[in-house]
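Participant: Chain by chain, the residues:
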Amino acid sequence: MGVFLMQWIGSTYSPIGLDCGSRFIKAAQIQYTRGKPRVCATASIQRMSEQLDVAEVNRISDVLYRQGFVGTRIAMAVPPAKILTSILELPPRTTNSPFDQLARVEFARHQKCEPNTFEMSWWELPHASRVAKTTSVMAVGCRYTDADAILDPFDAVGLDVLKLDSSSVATARACSNVLARQGGISAILDLGWRSASLVILHDQTIVYDRPLGEAGIEQLYKDLSSSLGVKFDVIDVLISQQTKLSSENDGDMQAQREITRAIDNHFAMLLKDLELSFSYAANQYASTNIDRLLLMGGGASIPGLVKNWSENLGMKVEIVHLADLMPCVKGMASSERSSMTTALGLAMGGTA
Amino acid sequence: MSLSTPINLIPLYRQIKAERNRRMRWWIGLWSGYAGVLIVLVGLLYLHLGTSRDLTHDLKQQDQQLSSLQNDTRQTQTMLLQVSQKLLSARGLLEQPDWSQLLAVLADLRGNDVVLEDVNLQLTAEAVPAPTPTKSSKSKAPPPTIKTKWNLQLEGHGKTPESVSQYVLRLEATQLFDQVNLLKTNRDPIGAGEAISFSIQCPIKGRGRAPQ
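The listed protein sequences derive, respectively, from chains P and X.
The first sequence lines up with residues 1312 to 1663 when you count with this note's numbering.
The second sequence lines up with residues 15 to 226 when you count with this note's numbering.
The following block holds chain X by itself, in its conformation from the complex (with noise of 0.2 Å):
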């Protein structure tokens, strides 16, 4: 059939030179396809590790970031430790009495007709006994309670009896006491003169807590 006859009079020779000029494009074409395909695909890929690297960038960041708070909390937590046992010790400082203005009180107190020569503070304990139960009750009774008491012992040189009298009521002056006790008076011999030696006991008012 003539009409469906391909006819195609361009020499043989052109012919095979355009379809090899024609394949060489489609080549070049293919080829320029394949590297446009690779380039962007280098390209995403770039990005992409580009962004791992930002982020192990900021992880590493994080981390130094991280350690440092760590030493930080670590140094926070010696001062903290630090700062506690100081205010431990400045608890027990001031739960402890300041026996420094006791003693400046006594001094004080003393006048120029006295001379002390024995401070002594004891804390003493004594039992009080619980109320006894009655008998319609069935319980048993409670143990006795320990009440604790500083007690201050002065013994001392006073130029006449009278100083010690007055040196003794200026201790109950004080109302530092429950009770000022003169336990003992003599005469001393002190040079070519004499003294009054004297000792006294006075239960500080209060109750007494053992020292820390």
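Isolated chain P (complex conformation) (with noise of 0.2 Å):
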């Protein structure tokens, strides 16, 4: 029905989709014209305080005005520690069979909270190989205090939020144009300050969805910082110029290896776990292969981090660049960023 009166009014915008990180706000709108959808306007905004309050969401209002986005409708994700997330096995689905709450109580069970106490949504898995008298689904949820505490400062400061949504299915729902082919499996890993996370998807259905909580960069970049001395700013120039240090200069020299050095120590966790996700995924769609693995957010810039992985895995590794999921409009500058895929990913879903 959006869709449709967008395509008949001609040119209208999409809700501005929110991706409230714990330290970068990523806010991202989509133009329609005539059908057409374009990225119109992106914003990258730091995070003053830890609480998302009144006093944060009006100056967080006030940015977007200035950036040029248009509305007060906002779609935004359950940030990653209020989202409660399960995979659910069911009885068989039957026409009569109360399936909705089946898995509402079954999610509450999981949860270990009343049924009465949180939105939820679901959706079911695809077969796996194994043969199962169950039916498999995937619930993701937020309870009602939390939705509150999110909404709350948004009503106050006159945001009329739409959508609730869950970052990794605006994530997936973003690059859903690069995704793998039909009946093959891919990976998103969002590698975010604080915490990473990581999507598998098969048919274009997401059938795994992990949190990796110390994967987050920010733990490097405070390795980082008691080695060296420096603060996270000036980390942030060593880490993107690490490859165009002189190999002459003794001094660059040993800052390169310590960089190269907590990246791998870093990073090597993360990709255990990450053999092992793939492992699982594989394990339960025998019969496809894990095609590539998408990277994106904030510690997806790390240069080397691309060919160092695709060498690790044995598998496509690509960043996802805004541009490669959607056109934008002449001279935006955050393009080439692939922090914006959950805001893009929020705000495509917000006029579904």
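The set of hints was computed from the structure by calculation and includes no laboratory data.
Cβ atoms here follow ideal geometry from the backbone N, Cα and C, with glycine treated the same way.
Possibly wrong hints are sitting among the right ones.
Said to hold, decoys possible - Okay, the calculated beta carbon distance ranges per label pair:
id, chain 1, residue 1, chain 2, residue 2, range
1, P, Val-1617, X, Tyr-48, 44 to 52 Å
2, P, Asn-1488, X, Ala-49, 53 to 61 Å
3, X, Tyr-48, P, Leu-1413, 27 to 35 Å
4, X, Lys-31, P, Ala-1439, 20 to 28 Å
5, X, Lys-31, P, Ser-1447, 32 to 40 Å
6, X, Ala-49, P, Ser-1408, 44 to 52 Å
7, P, Ser-1447, X, Arg-37, 37 to 45 Å
8, X, Gly-57, P, Gln-1357, 51 to 59 Å
9, X, Asn-35, P, Gln-1378, 41 to 49 Å
Could you fit the two chains together into a complex? Lean on the hints.
Facilitator: If you want it as structure tokens, here you go:
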């Protein structure tokens, strides 16, 4: 209905997709011109406080207005710490079975809460290779108390939150154009500041969603800051320019070795987790192999990561840029960034 | 399919409230639009009626002006009729000879020796035969033309026969008449003395015209 209305009107705007990370808040908006979408505005707003309170939301609202975003409609994701995710094994689905109620009760049992204290959504997973008499569903949810705490400041500022989505689903939605062929398995790794999350898709259905708590690049920055004695801003520059450091300068060589060693150490555990997750998926859907790993988020831009991981994991590793997912307006500075993917997915889902 | 599954983790009571607010905003917008359209229509209608009212007013004024002009025309026609009648009367008067002047002339000419007792003016008519057609012409003879003439007849007394003769001469000297004929003279006793009574007939020059 929304898309039809947009096409009928000719040109209109999606809700503002708002991905609230722990270091930056990323925002993206889509303009539909005669039904053709293109990214018309993006913003990366540094967080001033840990809490997303009224003052912080007010500041975000002002920045969005200044950055050229249109409207007050928002589509946002539940923060990773507040999202509830479970894979449920339910009885075989029949036409008369109260599947929604069954899923809700089973989800409440998994999350150890009352069935009437959360909002949830679920989708059926493709049949695994092993024969099973149950129906597997993946469910995501958010407690009412958490949802109210997220939404109240936005209500107070006058922003109209239309959707509270799952960031994994939003990310996968944004990447749907570049995902693997039909029947294949793809993985998306979001390397965030404080945490990372891995999503594995089979036939464009999320079959695996796992938060990787310690894999966020904040710990890497902390380690480098203590060993080199510099602030995070300087580490940003050092990491981005590590391949350009001179091999003739001893100081540069030492810094480069230190950075490379820290990066290798930091991601060693993550690589093991990835291998385990991929082997699980491969066991579940034995007939297929994992095609490729899409990298996104702030950590994806670390130089050398793609090449190193491709060699270690034995698969194609790619960084997803905003411009790969959807056409952008000319001259958009963030079109080469990968950190806007979730915000774009939220904006895309906001009109569905 | 998870990517097409609509996911909204906003609590249901918030969704219902937001939907209610959205519907209310939509209805308010709709009714505001409807009210706006109505206001515009009423405004247009008012403007249209205002123009009609002006036209009616103008028409009424024109009607009044027309009736006023018609009254004026009627009055003017009456005046014109009166003036025409006056003009006709004046024209009739103008075309009637001023016999008083003739009487004044007669009175001036008589002097102290002549007294006029009767002044009679008569219009006489005589038929003048048309010229006889020649033998060669086959056409009929034209009808005779009628000639009119004023005849002035004076009767009175003179002291002496010479005074009467002098009066006749003075009448002839005016050249108002074709001829002055002294028809008769008699010696009449008046009181202790006597006077000469006379009767003069003088046809006036020119063609006479019947009085209007």
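Participant: Each hint should be assessed against the structure and marked as holding or not.
Facilitator: Taking the hints in turn, this is what the structure says about them:
Separation of Val-1617/P from Tyr-48/X is about 59 Å and departs from the stated range, judged on CB atoms against 44 to 52 Å. As the Cβ distance of Asn-1488/P to Ala-49/X is approximately 46 Å, the hint placing it in 53 to 61 Å is violated. About 47 Å separates the C-beta atoms of Tyr-48/X and Leu-1413/P, a value inconsistent with the hinted range of 27 to 35 Å. For the pair Lys-31/X and Ala-1439/P, the supplied restraint of 20 to 28 Å is violated, since their beta-carbon distance comes to about 41 Å.
Remark: the range hint 32 to 40 Å for Lys-31/X to Ser-1447/P is upheld by a beta-carbon distance near 34 Å. Distance hint check for Ala-49/X and Ser-1408/P: the Cβ-Cβ separation is about 51 Å, which falls inside the suggested range of 44 to 52 Å. Between Ser-1447/P and Arg-37/X the C-beta distance comes to about 38 Å, which sits within the given range of 37 to 45 Å. Between Gly-57/X and Gln-1357/P the beta carbon distance is about 53 Å. The supplied range of 51 to 59 Å therefore holds.
Between Asn-35/X and Gln-1378/P the C-beta distance comes to about 27 Å, which lies outside the given range of 41 to 49 Å.
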